[in-house]
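Produce the complete structure using the sequences and hints provided.
Listed below, chain by chain, are the residues.
4 protein chains.
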Amino acid sequence: MAEYPTSLGTSDADHITLLGQDLAEDLMGKVGFGELVLWMVTQRRPTQSEVRVFESVLVALADHGFTPTAIAARLTYLSAPDSLQGAIAAGLLGGGSRFLGVTEDCGQYLAAVLAEAGEIPADDAGFDALALDAVQQARAAKKFVPGIGHPVHKVRDPRTPRLIEIATEEGVRGPHLRLFEAIGRVHPQVLGRTLPLNGAGVCGAVLADLGLPLAMLRGFALLARTGGLLGQLAEEQRNPIANDIYMHVDRNATYVVPKSE
Amino acid sequence: MAEYPTSLGTSDADHITLLGQDLAEDLMGKVGFGELVLWMVTQRRPTQSEVRVFESVLVALADHGFTPTAIAARLTYLSAPDSLQGAIAAGLLGGGSRFLGVTEDCGQYLAAVLAEAGEIPADDAGFDALALDAVQQARAAKKFVPGIGHPVHKVRDPRTPRLIEIATEEGVRGPHLRLFEAIGRVHPQVLGRTLPLNGAGVCGAVLADLGLPLAMLRGFALLARTGGLLGQLAEEQRNPIANDIYMHVDRNATYVVPKSE
Amino acid sequence: MAEYPTSLGTSDADHITLLGQDLAEDLMGKVGFGELVLWMVTQRRPTQSEVRVFESVLVALADHGFTPTAIAARLTYLSAPDSLQGAIAAGLLGGGSRFLGVTEDCGQYLAAVLAEAGEIPADDAGFDALALDAVQQARAAKKFVPGIGHPVHKVRDPRTPRLIEIATEEGVRGPHLRLFEAIGRVHPQVLGRTLPLNGAGVCGAVLADLGLPLAMLRGFALLARTGGLLGQLAEEQRNPIANDIYMHVDRNATYVVPKSE
Amino acid sequence: MAEYPTSLGTSDADHITLLGQDLAEDLMGKVGFGELVLWMVTQRRPTQSEVRVFESVLVALADHGFTPTAIAARLTYLSAPDSLQGAIAAGLLGGGSRFLGVTEDCGQYLAAVLAEAGEIPADDAGFDALALDAVQQARAAKKFVPGIGHPVHKVRDPRTPRLIEIATEEGVRGPHLRLFEAIGRVHPQVLGRTLPLNGAGVCGAVLADLGLPLAMLRGFALLARTGGLLGQLAEEQRNPIANDIYMHVDRNATYVVPKSE
Numbered sequence: 001m002a003e004y005p006t007s008l009g010t011s012d013a014d015h016i017t018l019l020g021q022d023l024a025e026d027l028m029g030k031v032g033f034g035e036l037v038l039w040m041v042t043q044r045r046p047t048q049s050e051v052r053v054f055e056s057v058l059v060a061l062a063d064h065g066f067t068p069t070a071i072a073a074r075l076t077y078l079s080a081p082d083s084l085q086g087a088i089a090a091g092l093l094g095g096g097s098r099f100l101g102v103t104e105d106c107g108q109y110l111a112a113v114l115a116e117a118g119e120i121p122a123d124d125a126g127f128d129a130l131a132l133d134a135v136q137q138a139r140a141a142k143k144f145v146p147g148i149g150h151p152v153h154k155v156r157d158p159r160t161p162r163l164i165e166i167a168t169e170e171g172v173r174g175p176h177l178r179l180f181e182a183i184g185r186v187h188p189q190v191l192g193r194t195l196p197l198n199g200a201g202v203c204g205a206v207l208a209d210l211g212l213p214l215a216m217l218r219g220f221a222l223l224a225r226t227g228g229l230l231g232q233l234a235e236e237q238r239n240p241i242a243n244d245i246y247m248h249v250d251r252n253a254t255y256v257v258p259k260s261e
Numbered sequence: 001m002a003e004y005p006t007s008l009g010t011s012d013a014d015h016i017t018l019l020g021q022d023l024a025e026d027l028m029g030k031v032g033f034g035e036l037v038l039w040m041v042t043q044r045r046p047t048q049s050e051v052r053v054f055e056s057v058l059v060a061l062a063d064h065g066f067t068p069t070a071i072a073a074r075l076t077y078l079s080a081p082d083s084l085q086g087a088i089a090a091g092l093l094g095g096g097s098r099f100l101g102v103t104e105d106c107g108q109y110l111a112a113v114l115a116e117a118g119e120i121p122a123d124d125a126g127f128d129a130l131a132l133d134a135v136q137q138a139r140a141a142k143k144f145v146p147g148i149g150h151p152v153h154k155v156r157d158p159r160t161p162r163l164i165e166i167a168t169e170e171g172v173r174g175p176h177l178r179l180f181e182a183i184g185r186v187h188p189q190v191l192g193r194t195l196p197l198n199g200a201g202v203c204g205a206v207l208a209d210l211g212l213p214l215a216m217l218r219g220f221a222l223l224a225r226t227g228g229l230l231g232q233l234a235e236e237q238r239n240p241i242a243n244d245i246y247m248h249v250d251r252n253a254t255y256v257v258p259k260s261e
Numbered sequence: 001m002a003e004y005p006t007s008l009g010t011s012d013a014d015h016i017t018l019l020g021q022d023l024a025e026d027l028m029g030k031v032g033f034g035e036l037v038l039w040m041v042t043q044r045r046p047t048q049s050e051v052r053v054f055e056s057v058l059v060a061l062a063d064h065g066f067t068p069t070a071i072a073a074r075l076t077y078l079s080a081p082d083s084l085q086g087a088i089a090a091g092l093l094g095g096g097s098r099f100l101g102v103t104e105d106c107g108q109y110l111a112a113v114l115a116e117a118g119e120i121p122a123d124d125a126g127f128d129a130l131a132l133d134a135v136q137q138a139r140a141a142k143k144f145v146p147g148i149g150h151p152v153h154k155v156r157d158p159r160t161p162r163l164i165e166i167a168t169e170e171g172v173r174g175p176h177l178r179l180f181e182a183i184g185r186v187h188p189q190v191l192g193r194t195l196p197l198n199g200a201g202v203c204g205a206v207l208a209d210l211g212l213p214l215a216m217l218r219g220f221a222l223l224a225r226t227g228g229l230l231g232q233l234a235e236e237q238r239n240p241i242a243n244d245i246y247m248h249v250d251r252n253a254t255y256v257v258p259k260s261e
Numbered sequence: 001m002a003e004y005p006t007s008l009g010t011s012d013a014d015h016i017t018l019l020g021q022d023l024a025e026d027l028m029g030k031v032g033f034g035e036l037v038l039w040m041v042t043q044r045r046p047t048q049s050e051v052r053v054f055e056s057v058l059v060a061l062a063d064h065g066f067t068p069t070a071i072a073a074r075l076t077y078l079s080a081p082d083s084l085q086g087a088i089a090a091g092l093l094g095g096g097s098r099f100l101g102v103t104e105d106c107g108q109y110l111a112a113v114l115a116e117a118g119e120i121p122a123d124d125a126g127f128d129a130l131a132l133d134a135v136q137q138a139r140a141a142k143k144f145v146p147g148i149g150h151p152v153h154k155v156r157d158p159r160t161p162r163l164i165e166i167a168t169e170e171g172v173r174g175p176h177l178r179l180f181e182a183i184g185r186v187h188p189q190v191l192g193r194t195l196p197l198n199g200a201g202v203c204g205a206v207l208a209d210l211g212l213p214l215a216m217l218r219g220f221a222l223l224a225r226t227g228g229l230l231g232q233l234a235e236e237q238r239n240p241i242a243n244d245i246y247m248h249v250d251r252n253a254t255y256v257v258p259k260s261e
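Residue numbers (our numbering), protein chains in the order written: chain A, 1 to 261; chain B, 1 to 261; chain C, 1 to 261; chain D, 1 to 261.
Everything labelled a hint here was simulated from the structure, so no lab data went into it. The C-beta atom is built at its ideal place from N, Cα and C for all residues, glycine as well. Please note: incorrect hints may appear among the correct ones.
What the hints assert, rightly or not - Computed cross-link-like contacts, DSS-like style, restricted to lysine-lysine with a CA-CA straight-line distance of at most 25 Å:
| no. | chain 1 | residue 1 | chain 2 | residue 2 |
| --- | --- | --- | --- | --- |
| 1 | B | K142 | C | K142 |
| 2 | D | K143 | D | K154 |
| 3 | D | K143 | A | K143 |
What the hints assert, rightly or not - Now the stretches of chain B that chain C is said to cover, found in silico as 3 or more residues with beta-carbon under 8 Å:
| no. | stretch |
| --- | --- |
| 4 | 11–25 |
| 5 | 79–86 |
| 6 | 251–258 |
Structure below.
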């Protein structure tokens with residue numbers, strides 16, 4: 001006999017429960033949306049401190065203007081205005097390795113370094129030593145350290161100090177974030193230049209400190225981006241630009257004879 | 001010269017702004033995620049009352065257990081675990097006319113009835129008269145009135161009275177919701193049976209009263225569902241069932257000779 | 001006991017069957033891809049004439065250069081190069097009402113006119129009379145006739161006469177196509193100007209004449225487009241332009257204070 | 001000044017060209033759909049032998065019955081029947097690492113082994129030696145060799161000998177396929193058991209021998225699957241089962257108290 005266990009939503013004729021709570025009486029109006037998402041993912045009701053830090057991450061990642069994903073969503077809406085879900089899905093499908101994946105990559109990397117170390121350093125000096133070793137290993141293996149450097153914010157990404165500040169205020173600055181900060185301090189002596197700790201990276205560090213599953217970290221960036229895409233698509237409805245982008249590309253297309261001919 | 005105007009996100013080397021605000025200083029840690037989304041869509045900072053009602057809608061719509069969209073997302077994750085964005089997108093693509101579209105359909109319908117009436121009724125008797133006329137017109141045209149009836153909650157959808165209560169508490173119970181309530185009162189005398197006002201419908205009424213663009217209402221259901229899908233996919237990671245569903249279907253497949261042969 | 005009937009693919013340890021045929025022995029190397037798709041959809045092995053006409057439609061619809069969907073696919077690939085399926089899906093999601101939907105809309109429209117007429121006209125004069133009536137009705141209802149007019153090919157879409165020619169050669173020019181041609185002859189006397197029969201429309205007429213399910217016609221345009229997107233994405237790999245498009249949009253973004261402020 | 005070069009489609013008021021050919025006169029009715037796709041991707045007109053082998057691959061990969069992706073597409077169509085493109089996109093989004101990715105993984109793996117070898121072996125003995133070395137390296141690194149083993153076809157995948165036969169008939173059996181066959185011969189002495197060469201793997205070998213870009217190989221599996229999904233969705237329209245699957249899962253859902261409580 002098939003059975004499909006779940007700890008999320010169930011319902012019968014008179015009730016809807018979610019997470020074992022009565023949806024209407026216990027959750028609606030009493031629990032915020034970010035709080036609910038944290039709860040569903042972790043199966044544990046978060047504290048208000050955790051919620052504030054989590055929503056700060058969502059706010060940080062919601063919108064970055066005309067990114068490739070925002071443009072793709074607007075062009076899809078232009079082509080298929082009858083299917084808002086298609087435009088949002090198209091926008092999320094760009095949430096892969098290059099632009100939106102850094103959040104998860106950074107969280108995974110920090111967690112792996114901590115797991116290999118076996119114990120959490122006792123103080124900043126310990127974090128610096130661990131970070132130095134990790135950056136040297138990455139360099140030796142010719143791998144990038146995720147979460148450092150940014151194409152626009154070459155010196156300082158303003159989200160980074162602010163998120164550290166909020167996490168500290170709320171008492172959830174944990175080992176992932178402390179290791180990330182240490183990487184910020186020590187990498188110049190290995191790489192020979194100073195790169196900023198970027199916003200996507202610091203978000204990954206903080207989400208890992210919140211105890212969220214590492215394999216889900218990209219998902220929170222996608223949730224934030226869904227909110228941002230609503231803003232982009234509402235603006236496209238009010239003041240459309242997708243057709244202008246299309247016309248620009250179409251008019252500047254030049255035919256090139258294939259190399260193989 | 002091409003120009004692409006936007007009132008959303010912009011950045012330079014040292015700053016990131018969103019909605020004309022400094023993202024790090026003015027928004028992160030100060031504005032919640034639901035609040036930010038409302039602000040991006042309406043271009044107006046919402047009140048805390050509006051935010052509470054809006055987040056109640058998101059909470060109401062986030063998860064409904066093993067819906068077709070949740071199952072589709074889990075099956076997609078089973079096939080392509082390297083691409084979380086693909087699983088979420090697959091889940092959202094079911095957000096169309098049949099299951100998730102009622103929210104928008106209901107908001108659009110209520111707005112159209114009010115627009116055709118030309119003025120907002122002064123009292124409940126006025127709303128009842130308007131609702132009676134609208135339901136009679138729908139019946140005459142053999143059209144469904146969106147937002148009434150539910151396959152499971154045949155008598156009462158518990159989300160409906162709760163959301164009306166919250167909207168009333170917050171002072172944002174407006175004409176769309178009042179008209180929807182009136183439809184609940186008068187439709188039995190036209191249809192000859194009593195159907196519940198469903199949760200998706202009441203959410204559409206409330207979102208319309210919040211002044212959100214009607215053509216975006218489906219988008220808020222999709223945002224809520226993105227949160228719910230994170231819960232579903234985190235559960236699939238912890239306790240997978242998609243392969244069992246697949247095996248169930250595969251084992252019960254029976255070959256049928258095509259009718260045309 | 002659940003049972004899921006299918007007339008498509010099944011397999012056991014030693015065999016794979018599709019459409020009741022042995023996939024390896026009866027289909028691979030003996031049946032072309034377009035032929036197989038026609039067979040799967042109609043559950044009837046097509047004639048070689050039908051295959052040639054069907055593949056002509058796929059060739060006609062495969063690629064139109066830098067359409068919004070091609071640009072969306074390239075931008076998605078730029079963001080998420082690890083997920084080719086996401087880039088293709090994003091490209092297909094623009095296959096909605098405005099750009100790719102005409103094929104289905106036209107086939108559905110022609111079928112509806114024929115169904116309402118009740119019988120198929122005996123000759124061109126009969127088709128002209130039916131077409132005249134249909135176009136007049138559309139005009140009276142302030143509706144567009146699908147399949148006429150084109151933003152670029154204002155006088156003549158070169159695909160249209162060619163597809164009519166191929167369908168005629170192969171003996172599959174049927175009532176949908178003949179009605180479409182009649183619309184091409186009579187619409188100027190109703191609309192007061194001469195519009196070309198466009199390529200998407202003639203494809204819809206021909207697919208309907210092939211006996212394909214009307215609710216699937218959009219699907220064949222999507223299949224053709226999947227092939228085209230492979231060409232676009234292979235070109236993006238060889239000679240990328242998506243980042244240039246992104247940079248163009250980003251550099252020409254101008255912040256506008258929201259109207260509501 | 002922006003310029004976007006392309007060797008694919010362009011058009012002006014009177015002409016549509018694709019690949020430098022007149023679409024209507026040179027391609028429609030003269031070039032098959034598979035042939036066109038090969039041409040677009042490689043920028044070289046394929047031979048009829050290459051086309052037959054390529055279409056054999058597409059036929060082999062088009063449909064495998066009720067796979068997770070086919071079920072996801074049907075469930076999405078159930079939820080959003082107004083958006084066929086969404087159902088197809090949802091089906092393709094499962095085309096990731098686990099089920100559909102083997103084709104590309106295998107082609108990439110074979111190409112990497114050949115590239116590292118530096119020269120193509122002169123005879124089967126040379127291919128066997130190269131294969132033996134490669135499988136031993138994979139085992140030492142605890143990595144899977146892609147393209148061997150199958151959950152259902154435990155002894156022999158019927159597609160494999162058939163595709164080798166077709167490639168041989170057409171004179172396009174090249175080094176990737178010969179290396180793959182050698183892996184089939186030598187792996188038992190390394191792994192201690194005999195696994196079948198699977199159909200997805202042999203398709204990857206053959207596509208690599210056709211000179212197709214390795215980073216596009218997954219795309220051909222997706223094109224084949226798009227055709228298969230049209231068959232699945234046409235069957236869902238004729239004889240729907242998605243709601244039965246949904247009901248099965250919903251009825252067998254059991255609520256489990258979260259472990260953390």
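Structure-based check of each hint:
A C-alpha spacing of about 22 Å is found between B/K142 and C/K142, which places the hinted pair at or below 25 Å, so the restraint holds. This hinted pair checks out: D/K143 and D/K154 have alpha carbons roughly 20 Å apart, not beyond 25 Å. For the given pair, D/K143 sits about 21 Å from A/K143 by alpha-carbon distance, which is consistent with the 25 Å threshold. For a cut-off of 8 Å, the count of residues in the stretch 11–25 of chain B with a CB near a CB of chain C stands at 3, and the three-residue condition holds.
Taking a C-beta to C-beta cut-off of 8 Å, the stretch 79–86 of chain B contributes 5 residues in contact with chain C, enough for the three needed, and the coverage statement holds. Only when three residues or more bring their CB closer than 8 Å to a CB of chain C does the claim for the stretch 251–258 of chain B stand; here the count is 7, and the claim holds.
In the structure shown, no violation is registered for any of the earlier numbered hints.
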